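Protein chains in written order, with the working numbering: chain F, 1 to 305; chain Y, 1 to 284.
The hints are simulated quantities; they were obtained by calculation from the structure and are not laboratory data. This one's a predicted model, so the numbers in the text were calculated from it and none came from an experiment. You may find that some hints are simply not true.
[Claimed, not checked] Selected chain F positions facing chain Y (Cβ under 10 Å, derived; list incomplete):
hint, residue
1, V8
2, P35
3, G37
4, T42
5, L45
6, R67
7, A81
8, I104
9, I105
10, P112
11, W130
12, N134
13, K135
14, L154
15, W248
16, S250
[What the hints assert, rightly or not] Across the chosen pairs, the derived CB separations fall in these ranges:
hint, chain 1, residue 1, chain 2, residue 2, range
17, Y, F218, F, E122, 17 to 27 Å
18, F, V10, Y, L50, 55 to 65 Å
19, Y, T168, F, F95, 20 to 30 Å
[Said to hold, decoys possible] Calculated lysine-lysine pairs in the DSSO-like style (CA-CA distance at most 27 Å, straight line):
hint, chain 1, residue 1, chain 2, residue 2
20, Y, K11, F, K118
21, F, K227, F, K142
22, F, K15, Y, K45
23, Y, K16, Y, K77
24, Y, K279, F, K136
25, F, K136, Y, K254
26, F, K12, Y, K11
27, Y, K17, F, K110
28, Y, K11, F, K135
29, Y, K17, F, K142
30, F, K12, Y, K16
31, F, K78, Y, K16
32, F, K302, F, K285
33, F, K15, Y, K279
34, F, K139, F, K173
35, F, K139, Y, K17
36, F, K187, F, K139
37, Y, K37, F, K107
38, Y, K11, F, K139
39, F, K78, Y, K17
Note that CB positions come from ideal geometry on N, CA and C, so glycine has one too.
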Amino acid sequence: MITVENLVKVYKDTKALDGLNLSVPNGVIYGFLGPNGAGKSTTILSLLGLVLPQEGRIALFGEEVFRDGTFNESNLVKAKARIGYMPEHATLWEFLTPLQTLNIIGKAFKIPKEEREKRAEELLKLVNLWEVRNKKVGKFSKGMRQRLLLAQALINDPELLILDEPMTGLDPKGIAEFKEIIREQKKAGKTVFFSSHILAHVEEICDTVGVIVKGRLVLEDSIENIKREFLRKAGYTIIIETNRPVDWSSTAWNVTPLGERKYRVVAPEDIREELHDYVASQGAKILTMQVKEPSLEEIFLKLVE
Amino acid sequence: MRWGFELELEKGIRTKKIWALVAIVIILYLPMFYSMKQQTGITEKSVISLIISYTTQVSLFFLGIMAIVLGAGAFLKEMEDGTIRIALSKPIKRIEYLLGKFGANFAIFMLIVFIMTAVTLIGLKWVGINVGPVYSDVVILNVLLGFVLVGFITIGYLMSLSLRSSGTAFGVALLVFFLLYLVLPGYVQYKAVSATSYSDTNSYTHIKDEYYTRYLFFAPNAQFNVILDNTMEIQNITEGVYGPVYVGLGHALKKTVVNVVLLVGMPFVYLGLAALRFKRVDLR
């Protein structure tokens, strides 16, 4: 669906993308993570032809749209007809109402009038803006604008939905609704490319995650694989509480006492069974055991470091 | 192109500042019509001379500032709001969007020209002037004014695509306008005076027009002035007495083909440069 190879973008003296490679398969929700200034928005803007990289290659839907400093305008326009894009930090035309906005954006996709009107109604109901369909966007709150931005991104029933920090400014109810809409897109066989700094959202809805740091993709895999790999490298952390103190001097595990009978054990693999056996060999019994799984946030912070 | 045109036209028509300024210019025309009404036996030629003088001093000044400022904000404001990213994420080519925007701005300023023409003709009727003989001159004058304004818009586009913020562009636009409207013409006039004698009106005007054509070919207002200068000719008024006589805008157009071409053509040169810039500008 999206293939990016060795993409380089330099803004004056700042290298925003430094040989970025990215591959997004069909039908997934792809979470694109990175700290501020890592190059997330530049990547998205490059995919849409809104910024011009200096080097590299971009292919969308299997068609090459960019190669070494030049966009293929004709392929890019064809690709954009199949994309829905929701930008970060954007307002819509304040003098238009939601209905007028969706109508004018529908025209850009050459959607016939009747279909446009039908689709606008469906989308405004979906994002809960139908009640205010005739109110000027200029009078909208931040959350209402975000909802309308999502609706405009869906007007062409896109095969690829690109969302740049979509949940900024939404209340918890709005966030839940947004997540549901994104999941529905996946169920319908669509691909969602989703950048966010709220890692909990990414962890919850994305199948695959790409992490960009200083313009380079440092990690790209499914969330399960990333966690497994992280655990393999960083070690399993198990917190146990025993009925009496245990002597750990004869083990190779890294054990830190957290209390008189509470320990944190870090090992390179899953040692729960061995741990039971060892504690029993010391004449003690494990009362509680907690395996601490790293959150995506911890992995992310580790990567950024 | 049609999509960008529709969007920009809708935006332009809803921009209250444009219409407020047009209203101010129309209000400023009222004293002119009032003074015409006070004069008895005023001739059509005097009337059109007065209208030309008002057009260059009032309409060109106010609407020119508006045009260059509007052009300077055309892309930057959209980049700051993010609306251009939404627009160009749709299946629209950049060049189509630019041409659509230009087409809409052109249409809006031609609408303003139409309103100005209508107001002038209605005003003349109110004064009691037979508009028949001056009708074509009023229309030509306002169409030329329209091209001056379009020229300023396209100069504004270049700023909008070269600068980083709409605030800076606004300031630079005003600076450029005063350079083109006051400073550079003033300097060229000074050079013309140095080359001739100010008292020799005919020769001074001739040299000044030549300098305007040669050195201020890029300034739409300068070309407009040259064309309007040629509406007056020094002729023998009575036996042995020479003075300026209004010969009409049709006559002036024939004498100033180069200036007409520059006036009409330069906006398209600016538009071409803007298109080249817009093709490669980062819309972040």
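Okay, the hints, checked on the actual structure:
1. V8: violated (14 Å)
2. P35: violated (18 Å)
3. G37: Since chain Y brings no Cβ nearer than about 12 Å to G37(F), farther than 10 Å, the hint is violated.
4. T42: holds (7 Å)
5. L45: holds (6 Å)
6. R67: violated (16 Å)
7. A81: Check passed: Cβ of A81(F) comes within 4 Å of chain Y, closer than 10 Å.
8. I104: holds (6 Å)
9. I105: holds (7 Å)
10. P112: Where the cut-off is 10 Å and the nearest Cβ of chain Y is about 15 Å from P112(F), the hint is violated.
11. W130: This interface hint is violated because 21 Å lies over the 10 Å limit.
12. N134: Hint violated; N134(F) Cβ to chain Y Cβ min 16 Å, cut 10 Å.
13. K135: violated (15 Å)
14. L154: violated (13 Å)
15. W248: violated (55 Å)
16. S250: Since chain Y brings no Cβ nearer than about 60 Å to S250(F), farther than 10 Å, the hint is violated.
17. F218(Y) / E122(F): 17 to 27 Å: Roughly 52 Å apart at Cβ, these two residues miss the hinted range, so it is violated.
18. V10(F) / L50(Y): 55 to 65 Å: Given about 58 Å between the Cβ atoms, the range holds.
19. T168(Y) / F95(F): 20 to 30 Å: For T168(Y) and F95(F) the Cβ distance comes to about 25 Å; the hint holds.
20. K11(Y) / K118(F): Status holds; Cα separation ~25 Å.
21. K227(F) / K142(F): violated (35 Å)
22. K15(F) / K45(Y): Violated. K15(F) to K45(Y) sits at ~66 Å, over the 27 Å cutoff.
23. K16(Y) / K77(Y): Judged against 27 Å, a Cα distance of about 16 Å means the pair holds.
24. K279(Y) / K136(F): With a Cα-Cα distance of about 32 Å, the restraint between K279(Y) and K136(F) is violated, given a limit of 27 Å.
25. K136(F) / K254(Y): Between K136(F) and K254(Y) the Cα gap is close to 51 Å, so the pair fails against 27 Å, i.e. violated.
26. K12(F) / K11(Y): At roughly 33 Å apart (the allowed maximum being 27 Å), K11(Y) and K12(F) break the hint.
27. K17(Y) / K110(F): violated (32 Å)
28. K11(Y) / K135(F): holds (17 Å)
29. K17(Y) / K142(F): At roughly 26 Å apart (the allowed maximum being 27 Å), K142(F) and K17(Y) satisfy the hint.
30. K12(F) / K16(Y): Roughly 38 Å separates the two Cα atoms, so the pair is violated.
31. K78(F) / K16(Y): Roughly 37 Å between the alpha carbons, so the hint for K78(F) and K16(Y) is violated.
32. K302(F) / K285(F): violated (34 Å)
33. K15(F) / K279(Y): Holds - the C-alpha atoms of K279(Y) and K15(F) are around 21 Å apart, at most 27 Å.
34. K139(F) / K173(F): holds (21 Å)
35. K139(F) / K17(Y): Given that 27 Å is the threshold and the Cα spacing comes to 19 Å, the pair holds.
36. K187(F) / K139(F): violated (34 Å)
37. K37(Y) / K107(F): Measuring from Cα to Cα gives roughly 52 Å; hence the hint is violated.
38. K11(Y) / K139(F): Distance ~17 Å between K11(Y) and K139(F) Cα, so the pair holds.
39. K78(F) / K17(Y): violated (38 Å)
Violated hints, in rising order: 1, 2, 3, 6, 10, 11, 12, 13, 14, 15, 16, 17, 21, 22, 24, 25, 26, 27, 30, 31, 32, 36, 37 and 39; the structure is consistent with all others.
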